[in-house]
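Protein sequence lines, in the order shown, are assigned to chains A and B. Every number in the numbering used here is 49 more than the matching position in the first sequence, counting from 1. Every number in the numbering used here is 49 more than the matching position in the second sequence, counting from 1.
Don't read these hints as lab results, they were simulated from the structure. Some hints could be false.
Identical copies carry no separate label here, and so any pair may be met within one copy or between two of them.
Here are the simulated lysine to aspartate or glutamate pairs, DMTMM-like style, with alpha carbons at most 20 Å apart [stated by the list, open to error]:
#, residue 1, residue 2
1, Lys136, Glu182
2, Lys136, Glu246
3, Lys202, Asp159
4, Lys78, Glu162
5, Lys78, Glu246
6, Lys218, Asp194
There are 2 protein chains.
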Amino acid sequence: MNLILLQPNDFRNDSLAVLSDERAQHIRKVLRAEVGKTLRIGWLNGSFGTGTVLSVSKNEVCLQCVVEGAPPPKPRIDLLLAMPRPKVMKRLWAQLAALGVGRIVLVNADKVERFYFDSHVIEPDFYNARLVEGLQQARCTHLPDVTVQQRFKPFVEDRLDEWFGNHLKLIADPSGKKRLSNFDFNDRKVLLAIGPEGGWTLYEQEKLQEHGFESFNMGHRILRSDTACVAAISALESHLFTPSKV
Amino acid sequence: MNLILLQPNDFRNDSLAVLSDERAQHIRKVLRAEVGKTLRIGWLNGSFGTGTVLSVSKNEVCLQCVVEGAPPPKPRIDLLLAMPRPKVMKRLWAQLAALGVGRIVLVNADKVERFYFDSHVIEPDFYNARLVEGLQQARCTHLPDVTVQQRFKPFVEDRLDEWFGNHLKLIADPSGKKRLSNFDFNDRKVLLAIGPEGGWTLYEQEKLQEHGFESFNMGHRILRSDTACVAAISALESHLFTPSKV
Numbered sequence: 050m051n052l053i054l055l056q057p058n059d060f061r062n063d064s065l066a067v068l069s070d071e072r073a074q075h076i077r078k079v080l081r082a083e084v085g086k087t088l089r090i091g092w093l094n095g096s097f098g099t100g101t102v103l104s105v106s107k108n109e110v111c112l113q114c115v116v117e118g119a120p121p122p123k124p125r126i127d128l129l130l131a132m133p134r135p136k137v138m139k140r141l142w143a144q145l146a147a148l149g150v151g152r153i154v155l156v157n158a159d160k161v162e163r164f165y166f167d168s169h170v171i172e173p174d175f176y177n178a179r180l181v182e183g184l185q186q187a188r189c190t191h192l193p194d195v196t197v198q199q200r201f202k203p204f205v206e207d208r209l210d211e212w213f214g215n216h217l218k219l220i221a222d223p224s225g226k227k228r229l230s231n232f233d234f235n236d237r238k239v240l241l242a243i244g245p246e247g248g249w250t251l252y253e254q255e256k257l258q259e260h261g262f263e264s265f266n267m268g269h270r271i272l273r274s275d276t277a278c279v280a281a282i283s284a285l286e287s288h289l290f291t292p293s294k295v
Numbered sequence: 050m051n052l053i054l055l056q057p058n059d060f061r062n063d064s065l066a067v068l069s070d071e072r073a074q075h076i077r078k079v080l081r082a083e084v085g086k087t088l089r090i091g092w093l094n095g096s097f098g099t100g101t102v103l104s105v106s107k108n109e110v111c112l113q114c115v116v117e118g119a120p121p122p123k124p125r126i127d128l129l130l131a132m133p134r135p136k137v138m139k140r141l142w143a144q145l146a147a148l149g150v151g152r153i154v155l156v157n158a159d160k161v162e163r164f165y166f167d168s169h170v171i172e173p174d175f176y177n178a179r180l181v182e183g184l185q186q187a188r189c190t191h192l193p194d195v196t197v198q199q200r201f202k203p204f205v206e207d208r209l210d211e212w213f214g215n216h217l218k219l220i221a222d223p224s225g226k227k228r229l230s231n232f233d234f235n236d237r238k239v240l241l242a243i244g245p246e247g248g249w250t251l252y253e254q255e256k257l258q259e260h261g262f263e264s265f266n267m268g269h270r271i272l273r274s275d276t277a278c279v280a281a282i283s284a285l286e287s288h289l290f291t292p293s294k295v
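Chain A on its own, in the form it takes in the complex (with noise of 0.2 Å):
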């Protein structure tokens, strides 16, 4: 936990916040805070700042809370993924978030098995904590928005237009002709789709290229799901920032 992020019911009036949860027994007992200690502290969805601890008990800390400029920039990718399995899921939702993905499209698509749109990972309960842990590691304050579509027809004839019309789209394909490096980001946001284990079928990826997604060639490796995540968006990410605006 490298950033204790506070939501609006954690509040007592504007500045004071007092939590009873793990990151009160993070502040006692990995920050050792005593009183009088500031910790790097941040809103969900706002900015950074700074909390000075009024008091520590076994069960409770209390935090005046000042806030340090202005909120962080947006992420600038957001992810259409065929479902994984539940298990990959699980371990990913955290990943997502760490790594600053905006909005989070779930999705299912022929290779996708119905019975994963049963689990628990995809409750908001479950995945919104996974989601916090994932900032608290990055430090990061945005949290990332969740859809979970089960039609894959729909959503995208219906929906994907209205949602992401003017993202840049692209869609991972090892025989595709560009690399990232081939792209022109400028300011644009993108929408990175990411298949399902046993990839997308032509139909789907017909369906995808007809509503603006380019292909992108990544290598010939077939990666799981949670690894193609992970190494797509970082790869994405450092082409988002060209030299000039280090």
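Place chain B on chain A using the hints.
Okay, now just chain B, sitting in the frame of chain A:
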């Protein structure tokens, strides 16, 4: 399993392989291969080829194997990794092999717990099985070469230059001025250093810099070791291929 990877002791003669482990089960149950079917195979550290099924029984599959083409190029990325928690390392092996790492050096660091080195996850039988699993997933043949170095200073002072003298050496550093796009890789191999969860100490950073490591900036996010490895290798990989080589 997207490739059946064969090792010398699988062969009865130059071209006849007999399998009786999980590869045989995969061929029988997942691929449902019958006599006469050809499968995509690879020789460990060698070429790809095809295997024609000669017989399938409950416990054994016989393949007539033919090489096709030259061995794939060797990986260009080597990894110097501060030993992660065993639970994390366990998950990481297959991913490193799948991403295409040539050599993996697990090294001690100030913020690595000593007991990590007592774990079974760094025994060759354990990690080689995981590495082969990653190769079979990603459809690669080059088994990463693994070394465990329990002492940081002697390794850096006595081995690093000898083993990686001509490598471009990179270390991720949020305060680094250069991004990956600022480096000129040409055809050089790259040694990537990934620190422990708590980071390298100043002493360790200086020691690595003395031996040629240059900082690069991967952003301000603090990633878990396994995410950091996958993220940095993938970002690097995407910069090693210039557009003209596509």
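Practice item. Check Lys136 against Glu182 for me: Cα-Cα at most 20 Å, and say if that holds within a copy, between copies, both or neither. Key: For Lys136 and Glu182, the Cα distance is within 20 Å both inside one copy (17 Å) and across copies (18 Å).
Point to revise | Lys218 and Asp194: within-copy, between-copy, both or neither at 20 Å Cα | key: Within one copy only: 18 Å inside, 37 Å across.
Check your understanding: Between the shortest in-copy and the shortest cross-copy C-alpha distance, which are at most 20 Å for Lys78 and Glu246: within, between, both, or neither?
Key -> between (41 Å within a copy, 18 Å between copies)
**Study point:** Intra- versus inter-copy proximity for Asp159 and Lys202 (alpha-carbon distance at most 20 Å)
**Key:** Cα proximity of Lys202 and Asp159: one copy only (11 Å, versus 53 Å across).
**Study point:** Intra/inter-copy verdict for Lys78 and Glu162 if alpha-carbon distance must be at most 20 Å
**Key:** between (43 Å within a copy, 18 Å between copies)
**Study point:** Alpha-carbon proximity context of Lys136 and Glu246, limit 20 Å
**Key:** within (13 Å within a copy, 24 Å between copies)
Violated hints for the displayed structure: none, as all numbered hints are satisfied.
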